[in-house]
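All chains should be built: construct the whole structure from the sequences, respecting the hints.
Residue numbering for the sequence shown follows my numbering, starting at 1 and increasing by one per position.
Rather than coming from a laboratory, the hints here were simulated on the basis of the structure. Just so you know, not all the hints are guaranteed correct.
[Said to hold, decoys possible] So the derived label-pair ranges between C-beta atoms look like this:
{"no.": "1", "residue 1": "Q134", "residue 2": "S100", "range": "14 to 20 Å"}
{"no.": "2", "residue 1": "H131", "residue 2": "T71", "range": "36 to 42 Å"}
{"no.": "3", "residue 1": "G96", "residue 2": "V25", "range": "26 to 32 Å"}
{"no.": "4", "residue 1": "E66", "residue 2": "E95", "range": "17 to 23 Å"}
{"no.": "5", "residue 1": "H131", "residue 2": "D69", "range": "34 to 40 Å"}
{"no.": "6", "residue 1": "W72", "residue 2": "L12", "range": "17 to 23 Å"}
{"no.": "7", "residue 1": "H123", "residue 2": "L12", "range": "31 to 37 Å"}
{"no.": "8", "residue 1": "A138", "residue 2": "Y23", "range": "17 to 23 Å"}
{"no.": "9", "residue 1": "F55", "residue 2": "P142", "range": "32 to 38 Å"}
{"no.": "10", "residue 1": "D130", "residue 2": "K11", "range": "16 to 22 Å"}
Ideal placement from N, C-alpha and C gives every residue a C-beta, glycine not left out.
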Amino acid sequence: MSTDAYTTAEKLRAERLLFEVTYRVGNEQMIAASRLLCQHDDGFWLRQFLEPEDFATTRRYERATEIPDVTWRSPFHGGPIQHLRWDQIGDLLREGLPTSSSETSILAVAASLVGEYDINLRHVLAVLDDHHVQLVSAAIAPASLVSAPS
Numbered sequence: 001m002s003t004d005a006y007t008t009a010e011k012l013r014a015e016r017l018l019f020e021v022t023y024r025v026g027n028e029q030m031i032a033a034s035r036l037l038c039q040h041d042d043g044f045w046l047r048q049f050l051e052p053e054d055f056a057t058t059r060r061y062e063r064a065t066e067i068p069d070v071t072w073r074s075p076f077h078g079g080p081i082q083h084l085r086w087d088q089i090g091d092l093l094r095e096g097l098p099t100s101s102s103e104t105s106i107l108a109v110a111a112s113l114v115g116e117y118d119i120n121l122r123h124v125l126a127v128l129d130d131h132h133v134q135l136v137s138a139a140i141a142p143a144s145l146v147s148a149p150s
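In structure tokens:
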């Protein structure tokens with residue numbers, strides 16, 4: 001498979017996973033956070049949570065997803081739709097993750113958008129390259145349009 005075809009296939013895979021984790025989700029912050037995870041490294045975190053490639057990864061992240069309704073079926077694989085459990089993702093971040101600082105920072109920003117993890121934005125942005133800073137900025141904009149809880 002050529003590099004361009006591989007990149008396109010990975011982007012499509014990430015978009016498919018984004019569709020599944022945002023299916024019937026009405027919360028704009030969760031959608032923005034999920035989109036950030038989709039756009040980072042062709043859905044690195046979505047793949048880790050929803051399609052782990054080995055047993056250790058499966059065990060590490062199994063609590064980060066849930067099946068909200070077994071009748072909601074994926075048009076891609078026929079199995080049940082899975083949603084992200086942001087509270088558990090926040091807990092994983094607090095416990096520490098065996099990932100790079102930029103991967104962890106992207107996940108931390110996403111979890112912070114839904115109120116499940118506190119970040120120091122200056123520290124998070126310091127480890128990201130320009131491309132990832134742009135992804136974070138793009139995620140913050142739609143998430144900020146919804147009024148904060150009073």
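Hint check results:
1. Q134 x S100: 14 to 20 Å: holds (18 Å)
2. H131 x T71: 36 to 42 Å: holds (39 Å)
3. G96 x V25: 26 to 32 Å: holds (27 Å)
4. E66 x E95: 17 to 23 Å: holds (19 Å)
5. H131 x D69: 34 to 40 Å: Check passed, 36 Å falls within 34 to 40 Å.
6. W72 x L12: 17 to 23 Å: This hint holds: roughly 21 Å between Cβ atoms.
7. H123 x L12: 31 to 37 Å: holds (33 Å)
8. A138 x Y23: 17 to 23 Å: holds (21 Å)
9. F55 x P142: 32 to 38 Å: About 36 Å separates the Cβ atoms of F55 and P142, which means 32 to 38 Å holds.
10. D130 x K11: 16 to 22 Å: For K11 against D130, whose Cβ atoms are near 20 Å apart, the range 16 to 22 Å holds.
Consistency with the previously given hints is maintained throughout, with no hint failing.
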